[in-house]
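Student: Sequence:
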Amino acid sequence: MRSLILPLVILGLPIAEIAGFVVVGRELGLAMTLLLVLSSGVAGVLLLRIQGLGTLRRVQDAARAGKDPGPDVIGGALIFIAAILLIVPGFITDIAGLILFLPPIRRAIASFLQTRLTILTTGSGFYYGSDASSERPRGPTIIDLDSEEFSRKNDDENDPSPPNNRISR
Numbered sequence: 001m002r003s004l005i006l007p008l009v010i011l012g013l014p015i016a017e018i019a020g021f022v023v024v025g026r027e028l029g030l031a032m033t034l035l036l037v038l039s040s041g042v043a044g045v046l047l048l049r050i051q052g053l054g055t056l057r058r059v060q061d062a063a064r065a066g067k068d069p070g071p072d073v074i075g076g077a078l079i080f081i082a083a084i085l086l087i088v089p090g091f092i093t094d095i096a097g098l099i100l101f102l103p104p105i106r107r108a109i110a111s112f113l114q115t116r117l118t119i120l121t122t123g124s125g126f127y128y129g130s131d132a133s134s135e136r137p138r139g140p141t142i143i144d145l146d147s148e149e150f151s152r153k154n155d156d157e158n159d160p161s162p163p164n165n166r167i168s169r
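Mapping the sequence shown onto the numbering used here, position 107 (from 1) lands on 107, and the numbers just tick up by one.
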């Protein structure tokens with residue numbers, strides 16, 4: 001049953017959008033319909049810019065503070081999807097985009113996605129999903145040494161084989 005849903009949506013959405021254009025065009029006229037489509041696209045671009053920059057700042061602040069930026073990253077992705085839905089011409093996608101811009105709806109979808117996805121954020125050590133109960137090692141992954149602090153000793157000084165034939169461990 002699930003395999004039939006995606007093809008039906010892909011085929012049905014353009015047909016529904018065309019029907020929406022016909023109904024709105026019949027009620028409001030051609031000029032008002034085109035003005036609505038154009039204004040929803042402009043609104044999508046503006047909302048993406050305003051909301052997207054705010055989300056980017058929140059992610060950066062969370063990363064600087066050492067907190068988990070995962071929820072803000074998911075919220076930013078949902079804002080991007082909502083803006084794309086507003087930019088795409090059509091009234092059904094506009095309604096879906098406007099609903100997705102509502103913060104309670106976005107939080108509900110984000111919490112649903114966090115239970116279904118494993119989210120890894122590099123450098124912060126935070127992650128969700130099925131591995132969330134296990135501990136990840138903390139601390140730096142790169143150790144930077146000066147030339148005075150580093151020396152290499154041959155572990156196999158008594159090994160008679162030439163260095164090219166030795167197996168490194």
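Read the hints as simulated data drawn from the structure, not as lab findings. Take these hints with a grain of salt, some might be off.
Quick list of the computed label-pair ranges, beta carbon to beta carbon [unchecked claim]:
1. E148 / G66: 20 to 26 Å
2. R58 / V23: 53 to 59 Å
3. L4 / D144: 18 to 24 Å
4. E148 / S111: 48 to 54 Å
5. D144 / S39: 52 to 58 Å
6. I50 / V23: 27 to 33 Å
7. V9 / L145: 35 to 41 Å
8. L113 / G52: 15 to 21 Å
9. E148 / L113: 17 to 23 Å
10. V45 / A16: 22 to 28 Å
11. A65 / K153: 40 to 46 Å
12. F150 / R57: 22 to 28 Å
13. L38 / P14: 38 to 44 Å
14. A31 / F112: 39 to 45 Å
Cβ coordinates follow ideal geometry from the N, Cα and C atoms, glycine included.
Student: Next step is simple, just say for each hint if it's right about the structure.
Tutor: Checked hints:
For E148 and G66, the hinted distance range of 20 to 26 Å is not satisfied, since their beta carbons lie about 32 Å from each other. For R58 and V23, the hinted distance range of 53 to 59 Å is not satisfied, since their beta carbons lie about 39 Å from each other. For the hinted restraint 18 to 24 Å between L4 and D144, the CB-CB distance of approximately 56 Å leaves it violated. Taken as a hint, the range 48 to 54 Å holds for the pair E148 and S111, whose Cβ atoms sit roughly 52 Å apart.
Here the CB-CB span from D144 to S39 is close to 54 Å, well matched to the stated 52 to 58 Å. Restraint check, I50 to V23: a C-beta distance of roughly 31 Å satisfies the suggested window 27 to 33 Å. In this structure the hint that V9 and L145 lie 35 to 41 Å apart at CB is violated, the actual value being about 56 Å. In this structure the hint that L113 and G52 lie 15 to 21 Å apart at CB holds, the actual value being about 18 Å.
Here the CB-CB span from E148 to L113 is close to 50 Å, at odds with the stated 17 to 23 Å. Separated by about 24 Å at the C-beta atoms, V45 and A16 satisfy the suggested range of 22 to 28 Å. The given range of 40 to 46 Å is respected by A65 and K153, whose C-beta atoms sit roughly 42 Å from each other. For F150 and R57, the Cβ-Cβ distance of about 40 Å falls outside the hinted range of 22 to 28 Å, so the restraint is violated.
L38 and P14 have their C-beta atoms about 19 Å apart, which leaves the hinted 38 to 44 Å range violated. Our hint of 39 to 45 Å for A31 and F112 holds, since their Cβ atoms are close to 41 Å apart.
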